[in-house]
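Asker: If you want the building blocks of each chain, they are given just below.
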Amino acid sequence: MKAQRKIDVYALTWRLPIILWQLLFFVGPVVFMIVISFFVVKNYRMTEAFEFVNWERMLTRGYFWDSYWYTLFIASLSATIAMIVAFPASWALAFRASETQRRWAVFLLIIPFFTSYLVRTFSWYVILAESGVLNAILGYVGLGPFKMLNTHFGTIIGYLTLTLPLAVILQTITMANIDKTLIEAARNLGCKPLATIWRVVLPLSKTGFIVAALFCFILAFGDFVAPFYLGGSQEPTLPILILDTTKSGQQWPRAAVVAIMMMATLFTIAFTAIVLAYRKPKGTNA
Amino acid sequence: MTKDLKTKQTQFLRRDVLRIGGGVALSAPFVSRAWAQTTEINMLAWYGHGEPDIVGAFEEANNVKFVPKYYAGGDNMLALIAQSPPGTYDIILSDAEFVQQLNLAGYIEELDANDYPFDDMLHEDFTKFPGHWDGDTLFSMMVRCGHLGVSYNTTAMSAEEASSYNGFWKPELAGKVGHFDWHLPNLGMMSLLNGNGSDLWDLSDDQWSAVQEKTMSLRPQVGGFFDYGGTFNGLKNGEMLAMCGIGDWITGALERDGATVASIIPQEGGIQWTESYCIGKGSEKADIVKSFIQYMLSPEGQTKSAQMIAYPGFAITKAGRAMLQEVDPAEARRSHQYDGMENEPVALINEGRIHYRDIPQQQSLEDWNDFWSEYKNA
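Protein chains in written order, with our numbering: chain A, 1 to 286; chain B, 1001 to 1378.
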């Protein structure tokens, strides 16, 4: 006879707020967005309908797919660069710095988040402009001036402003929790430094690293500020396309189509990343 | 002794509190009456129109307070009205080409033409501006205008090079030509360059294809697509040396700060943006709003409009221009608002070099927007 499962009222009470929060502010808006993607706009006003015209219109346009692939590419590139650039700093903080130094470093890395991201982005104008600080320094050694604003480079710099501190923090926390004796054992058994990173540190940090990369990707993929203000909207990313779509003709239903495609992409990538992060290596039972 | 003093102080404080409290309580009805007398006027407008440099003096003189809601673009304006209950906005500043749609949708009140200085207009066209009248009924009152052409950095382009839209293709400007990110003025300019003249908005399929082709050929020169702030910064810091889709409304503000930029109406012609005031349908403050529109058309209001900090515009009344010349001759000269000056705005209209901004006649706005998105991605 099957035992009847008893509802744990105490546990449910504590879980209820987060469940309600998710229903109200995540599931609800997503459902609403899906619904309005079938609405039509008449005289600048959304009208209830169930038509596929917005889906057909957006998904058959070349510029939508150009934006889609470009956004996917530049967000992936930015996440990769963030992970690579963050690694030496995280390594030093995790293995070379004292506990106090590490705490201070993490605190200092959090400080940029106290300031508005838009303000931080605009401050790059002073540094990256052709008459800016960086070109002035390069000019002293006979280089430049280089065009950095309104380029892909500018977009990447903007994305890194957003993601790099986060990547360093997550990598540091992940590596700081590795059992140091495993690294010492590898070195004692003759493993070279780079091989130790590749064969010991990275496998042991896999979950944290994948989560860090995923966060970097998600933030860059949905960011409007960097590609618009530092990239000069060329090429437009999907968030810029959403803005363009709503600006002209108030096509919120078509913007909803773009947003749903973005969310579907993020879900797919996040799900795949989590599966990879928690997949056990072959031949292990633990 | 100390104790006595302390007691005395405490008593004094208590009396003081009672006195002040009583005073406040007794004066409360007057305070609340004074607050109640300040009328709030909800304004829907482009940025800058509800700022103190424009409305401050009127607010003070009439004990009103403007509550502005700013938009960017006529589509955005229409959507904001469509999504709000009737009577939300007391006064609406509209681009002239959208007035007709406001009227057709029933969003604006009729105006009495006798309330406004039509006999003082600088140009005949301003008295019967397209879309502002339905038969003999006035629905919107033009208040200011400006011209769009080639905007450029004077150290990178000569006035002669800027005297044609072809100047955007100058090889030295590769990667330094910016676009104001709105398809209408940019594609309108390309249409003028293609020789469509006064039919710039009324394009056949072939003409529309030719405009697209011409625009696409500019893409390698383009260094970015910008909003107002980006356009302003791009020109100011020299990242962009020429800008398509704008005019003196941006370079004028920079020029005042000493930047080496200018705007010129090229030989192919320029485009006029026109801003007009309407009274929102269902507004309970129509009388005071009418007074404000009259104020903006008075010499003082016209001068303030021409000097607007956010973006300058031309005076449209003779008395307004005269007052501008009197109180701010430097601004009047900078913006060519003297009879006989080169590029004087009314003379440009009379010479047929200015075309009023409109919406596409044979294509939909969506078609133009679709192409604009393709262009940005190219």
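Among the hints, a few may not be true.
[Claimed, not checked] Straight-line Cα separation of at most 25 angstroms, DSS-like style, residue types lysine-lysine; simulated pairs:
1. A:K280 to A:K180
2. B:K1236 to B:K1170
3. B:K1281 to B:K1128
4. B:K1290 to B:K1065
5. B:K1318 to A:K247
6. B:K1069 to B:K1318
7. B:K1281 to B:K1236
8. A:K147 to B:K1236
9. B:K1170 to A:K42
10. B:K1236 to B:K1065
11. B:K1236 to A:K42
12. A:K147 to B:K1069
[Said to hold, decoys possible] Negatives, chain B to chain A, calculated, CB over 10 angstroms:
13. D1075
14. A1082
15. L1138
16. G1178
17. H1183
18. L1218
19. F1225
20. A1259
21. I1288
22. A1322
23. L1365
24. N1369
25. E1374
Hints listed in this document are in silico derivations from the structure and should not be mistaken for laboratory results. Note that beta-carbon positions come from the ideal geometry of N, C-alpha and C, so glycine has one too.
Asker: It remains to establish, for every hint, whether it holds in the given structure.
Answerer: Hint-by-hint comparison with the structure:
1. Between K280 (chain A) and K180 (chain A), the direct Cα distance comes to roughly 21 angstroms. Compliance with the 25 angstroms bound is thereby established for this hinted pair.
2. A hinted pair counts as satisfied when its Cα atoms are at most 25 angstroms apart, and K1236 (chain B) with K1170 (chain B) qualifies at roughly 20 angstroms.
3. In summary, the hint linking K1281 (chain B) to K1128 (chain B) is supported, as the alpha carbons are separated by about 22 angstroms, within the 25 angstroms threshold.
4. Of the pairs offered as hints, the one joining K1290 (chain B) and K1065 (chain B) holds, with about 15 angstroms between alpha carbons and a cut-off of 25 angstroms not exceeded.
5. This hinted pair does not check out: K1318 (chain B) and K247 (chain A) have alpha carbons roughly 36 angstroms apart, beyond 25 angstroms.
6. Taking the CA atoms of K1069 (chain B) and K1318 (chain B), the gap is about 30 angstroms. The hint is violated against a cut of 25 angstroms.
7. Taken as a hint, the K1281 (chain B) and K1236 (chain B) pair is broken in the structure, with Cα atoms around 41 angstroms apart against an allowance of 25 angstroms.
8. Distance hint between K147 (chain A) and K1236 (chain B) is fulfilled; the C-alpha atoms sit about 16 angstroms from each other, no more than 25 angstroms.
9. Using a Cα cut-off of 25 angstroms, the hinted pair K1170 (chain B) and K42 (chain A) is violated, with the two alpha carbons roughly 42 angstroms apart.
10. Using a Cα cut-off of 25 angstroms, the hinted pair K1236 (chain B) and K1065 (chain B) is violated, with the two alpha carbons roughly 34 angstroms apart.
11. Taking the CA atoms of K1236 (chain B) and K42 (chain A), the gap is near 40 angstroms; set against the 25 angstroms cutoff, the hint is violated.
12. Taking the CA atoms of K147 (chain A) and K1069 (chain B), the gap is about 37 angstroms. The hint is violated against a cut of 25 angstroms.
13. With a closest Cβ-Cβ approach of about 6 angstroms to chain A, D1075 (chain B) is found to fall inside the 10 angstroms limit, against its non-interface label.
14. Not every CB of chain A lies more than 10 angstroms from the CB of A1082 (chain B), the least distance being 4 angstroms, so the non-interface label is violated.
15. Its beta-carbon lying about 23 angstroms from the closest one in chain A, L1138 (chain B) satisfies the requirement of being farther than 10 angstroms from that chain.
16. Not every beta carbon of chain A lies more than 10 angstroms from that of G1178 (chain B), the smallest distance being close to 8 angstroms; the non-interface claim is violated.
17. With a cut of 10 angstroms on Cβ distances, H1183 (chain B) falls inside the contact zone with chain A, its closest approach being about 7 angstroms.
18. Every C-beta of chain A lies more than 10 angstroms from that of L1218 (chain B), the closest at about 13 angstroms, which supports listing it as non-interface.
19. Taking the minimum C-beta to C-beta distance to chain A, about 4 angstroms, the non-interface status of F1225 (chain B) is violated against the 10 angstroms cut.
20. Its beta-carbon lying about 13 angstroms from the closest one in chain A, A1259 (chain B) satisfies the requirement of being farther than 10 angstroms from that chain.
21. Residue-level check passed: I1288 (chain B) sits 28 angstroms from the nearest beta carbon of chain A, beyond 10 angstroms.
22. The claim that A1322 (chain B) lies off the interface holds: its Cβ sits roughly 39 angstroms from the closest Cβ of chain A, which is beyond the 10 angstroms cut-off.
23. The beta carbon of L1365 (chain B) sits about 6 angstroms from the closest Cβ of chain A, which is not more than 10 angstroms, so the claim that it is off the interface is violated.
24. Non-interface status of N1369 (chain B) relative to chain A is broken: a Cβ of that chain comes within 10 angstroms, the nearest being about 4 angstroms off.
25. Listed as a non-interface residue, E1374 (chain B) fails to keep its Cβ farther than 10 angstroms from every Cβ of chain A; the least gap is roughly 5 angstroms.
When the structure is compared with the earlier hints, violations turn up for hints 5, 6, 7, 9, 10, 11, 12, 13, 14, 16, 17, 19, 23, 24 and 25 and for no others.
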